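4 protein chains.
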Amino acid sequence: MTMKPRPQDIFETRAQPLVAGRTGLLIIDAQNWVMDEKNRQPRPEFYEAARTAAIPNMARLADASRKAGVEVIYTVMENFTEDGRDRSLDYKLSNFFIPKGSWDAKVIDELAPQRDEMVIPKTSSSLFNSTNFEYLVRNIGLDTIIVTGFLTDQCVDHTIRDGADRGFHMICATDACATDTKARHEAALKAFKGYCRSETTAALVEAISGCK
Amino acid sequence: MTMKPRPQDIFETRAQPLVAGRTGLLIIDAQNWVMDEKNRQPRPEFYEAARTAAIPNMARLADASRKAGVEVIYTVMENFTEDGRDRSLDYKLSNFFIPKGSWDAKVIDELAPQRDEMVIPKTSSSLFNSTNFEYLVRNIGLDTIIVTGFLTDQCVDHTIRDGADRGFHMICATDACATDTKARHEAALKAFKGYCRSETTAALVEAISGCK
Amino acid sequence: MTMKPRPQDIFETRAQPLVAGRTGLLIIDAQNWVMDEKNRQPRPEFYEAARTAAIPNMARLADASRKAGVEVIYTVMENFTEDGRDRSLDYKLSNFFIPKGSWDAKVIDELAPQRDEMVIPKTSSSLFNSTNFEYLVRNIGLDTIIVTGFLTDQCVDHTIRDGADRGFHMICATDACATDTKARHEAALKAFKGYCRSETTAALVEAISGCK
Amino acid sequence: MTMKPRPQDIFETRAQPLVAGRTGLLIIDAQNWVMDEKNRQPRPEFYEAARTAAIPNMARLADASRKAGVEVIYTVMENFTEDGRDRSLDYKLSNFFIPKGSWDAKVIDELAPQRDEMVIPKTSSSLFNSTNFEYLVRNIGLDTIIVTGFLTDQCVDHTIRDGADRGFHMICATDACATDTKARHEAALKAFKGYCRSETTAALVEAISGCK
Chain A
1 MTMKPRPQDI
11 FETRAQPLVA
21 GRTGLLIIDA
31 QNWVMDEKNR
41 QPRPEFYEAA
51 RTAAIPNMAR
61 LADASRKAGV
71 EVIYTVMENF
81 TEDGRDRSLD
91 YKLSNFFIPK
101 GSWDAKVIDE
111 LAPQRDEMVI
121 PKTSSSLFNS
131 TNFEYLVRNI
141 GLDTIIVTGF
151 LTDQCVDHTI
161 RDGADRGFHM
171 ICATDACATD
181 TKARHEAALK
191 AFKGYCRSET
201 TAALVEAISG
211 CK
Chain B
1 MTMKPRPQDI
11 FETRAQPLVA
21 GRTGLLIIDA
31 QNWVMDEKNR
41 QPRPEFYEAA
51 RTAAIPNMAR
61 LADASRKAGV
71 EVIYTVMENF
81 TEDGRDRSLD
91 YKLSNFFIPK
101 GSWDAKVIDE
111 LAPQRDEMVI
121 PKTSSSLFNS
131 TNFEYLVRNI
141 GLDTIIVTGF
151 LTDQCVDHTI
161 RDGADRGFHM
171 ICATDACATD
181 TKARHEAALK
191 AFKGYCRSET
201 TAALVEAISG
211 CK
Chain C
1 MTMKPRPQDI
11 FETRAQPLVA
21 GRTGLLIIDA
31 QNWVMDEKNR
41 QPRPEFYEAA
51 RTAAIPNMAR
61 LADASRKAGV
71 EVIYTVMENF
81 TEDGRDRSLD
91 YKLSNFFIPK
101 GSWDAKVIDE
111 LAPQRDEMVI
121 PKTSSSLFNS
131 TNFEYLVRNI
141 GLDTIIVTGF
151 LTDQCVDHTI
161 RDGADRGFHM
171 ICATDACATD
181 TKARHEAALK
191 AFKGYCRSET
201 TAALVEAISG
211 CK
Chain D
1 MTMKPRPQDI
11 FETRAQPLVA
21 GRTGLLIIDA
31 QNWVMDEKNR
41 QPRPEFYEAA
51 RTAAIPNMAR
61 LADASRKAGV
71 EVIYTVMENF
81 TEDGRDRSLD
91 YKLSNFFIPK
101 GSWDAKVIDE
111 LAPQRDEMVI
121 PKTSSSLFNS
131 TNFEYLVRNI
141 GLDTIIVTGF
151 LTDQCVDHTI
161 RDGADRGFHM
171 ICATDACATD
181 TKARHEAALK
191 AFKGYCRSET
201 TAALVEAISG
211 CK
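Chains as they are written, first to last, in the UniProt record's numbering: chain A, 1 to 212; chain B, 1 to 212; chain C, 1 to 212; chain D, 1 to 212.
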């Protein structure tokens, strides 16, 4: 006779109520290198979307999170060594090289970390694969991660899928992310929507502000 | 003074020569449940693409791999317990439930595993997150993984990105994968092409047959 | 000004109350190969301790666990392939080779697994390093692991230390383990006692029977 | 018919020749907190052994490693946050609290890291469980780790076992480690000798100096 799932393994919806002490806000790659319009590739749609929507929305989410006791966590692309020998094979193949401690590796001023917030360096697409992020957030007691930052169809997408696989309730703040073009941004939101709950910044700010 | 990368960390191209003993062919979710046209969702483009292209191409790649001494590895969606309590949170939220040892969990007859090939059960999108796949292939001595199977924009995409992050040379056999629609298949190939080398089955069969 | 720990990060004691749905009983390497007195190394103290104490105590713990709804989990030394190419480097260096599906790999009859209990093959000292054990038990919802089996100063010791590092409340059932000599058994209990709570089978049976 | 191991999986000995670019020297917990004779527990045998043997031997090994191009890596006990909420459950249960950036967390002056050497903070016994150490050293290309530091029967023992399980050739520099008493040091060397190759500093300095 076939066995049935346990009652606690049956869910009606991904939209679980937020609990402050168990929720984290992850801000991905909001760093100088990414916003360096002068020296990096031309991508006008990205800079426009980032400056007018994604960055202000990340700031609103961070502000609401701090007030509510939701953990704010940053990750940035940054070598752990100066010569980058520790970089992932993929970063070596892709010729990504962001020196340790450089201006390029710093979080942009608009989103500056507050005292005792974690900034985790990585040389990979998903920080789950290359850092002890899962270890840190489990130790803190988090089971729900709100994802924001850059790029929607690369690190954001990948982090959401990995977090879903590893047992976290993943939430995408859909207007607090951006990528090279609006079309790619929209396509990505659709591509990974089965792995997470998708919400606007406005809805999340309200949920965070009201959470226990 | 800024340090430079080590010479061994500089690559001109992702197209490294294949070495038989270091290469694996991964066949993802080519199982009865996925090909169950009668009981699963209607998706005519998928069944057409799978039956006329992806499955025959996987068979050709498996055949060439066995002749050349390239490791053939399968993964299937399958609970490790009968009541599925071991499933990932994501599989519970998504109501995916494929009983251990069931017909649904079996690799399809056309691609039946040969003696001593590994079949790894998973309840996740990327087997890197939920199984000891990385451990097994490192012990065997593999550093290059050719990815085939289903669905191009879900498990295939995610596995390629995770493998890239974790230091493997990832190769997508672009016509040995499929997803619900042709449009989604093409979009996915574009979305993850920065994480891997993309090749046709014909090109890979030739490369595998000629490798040391 | 120096920051202080959060209130929830301060513990008075390791002796937390057991909760049935969050506790697992792990039985390590209680398999035919280990108990094969005829073909393996002579170690009379081990077989005596195993037969008269450790095995009966594991049976009592398993019985109490099943009645209370505590998960019973087995791990055994067993290759995942027939030629053992998947074994850890350490098993290769140590010339450990226990064929997949062999009599040697089977749990001993006295402790036969019940329906739907997990038996996890490994080729390592600590199953945390080589299997998806942590993933499975997190999905099930466990945070406390009672460790029993063989050998006290190898797999048992190592598993307790790894579990402690990875955020589990580890408990050693001190008279449900054994190793080659009584002296080594006692030394090991002392060596790892800082990583776990140490209890007799009698005390644990009582705690399990009374837990919610 | 039973399958046999592959030729490349058969080893005669653990004593493989050292290759400079594939070898790392790991220095564990050689930090001010551990050597703080005034404020920490009285353990005269430890301070004596550390000052007269282990520390000078680590210095000799580090010096030989730098000359030969062997990677020198440090790990220290150190919170990643100021309030230590990221610490492992075990460090919380044990009331270990070493503030981020504090004097206590610093490597002792005698063994000061050189430019671009990695110092990895941890809040666990084995850094394999809690940091991205394995990821970093695989990216660098290391497969052999020489272990030194404190305490022989805790972090050193545990790190050697984890490294062995995870596919590294582990080497213990037996006179470049120490623990609370000489008796515990000797017992630990015996307890984990099956997981590694054990060598004196003198023998290792010679091997390192002669390696390619």
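I should point out that these hints are in silico values taken from the structure, not numbers from a laboratory.
Just so it is clear, the structure is predicted and the values come from calculations on it, not from any experiment.
Treat the hints with care, since some could be wrong.
With a cut-off of at most 25 Å between alpha-carbon atoms, the simulated SDA-like pairs for lysine to any residue come out as follows [claimed, not checked]:
#1 A:67 / D:186
#2 B:193 / A:11
#3 D:212 / D:197
Partial chain C-side listing against chain B, Cβ under 10 Å, derived [claimed, not checked]:
#4 39
#5 40
#6 41
#7 138
Here a beta-carbon is modelled for each residue, glycine too, at the ideal position from N, C-alpha and C.
A quick look at each hint next to the structure:
no.	hint	result
1	A:67 / D:186	violated, 53 Å
2	B:193 / A:11	violated, 35 Å
3	D:212 / D:197	holds, 20 Å
4	39	violated, 25 Å
5	40	violated, 24 Å
6	41	violated, 26 Å
7	138	holds, 9 Å
Violated hints, in rising order: 1, 2, 4, 5, 6; the structure is consistent with all others.
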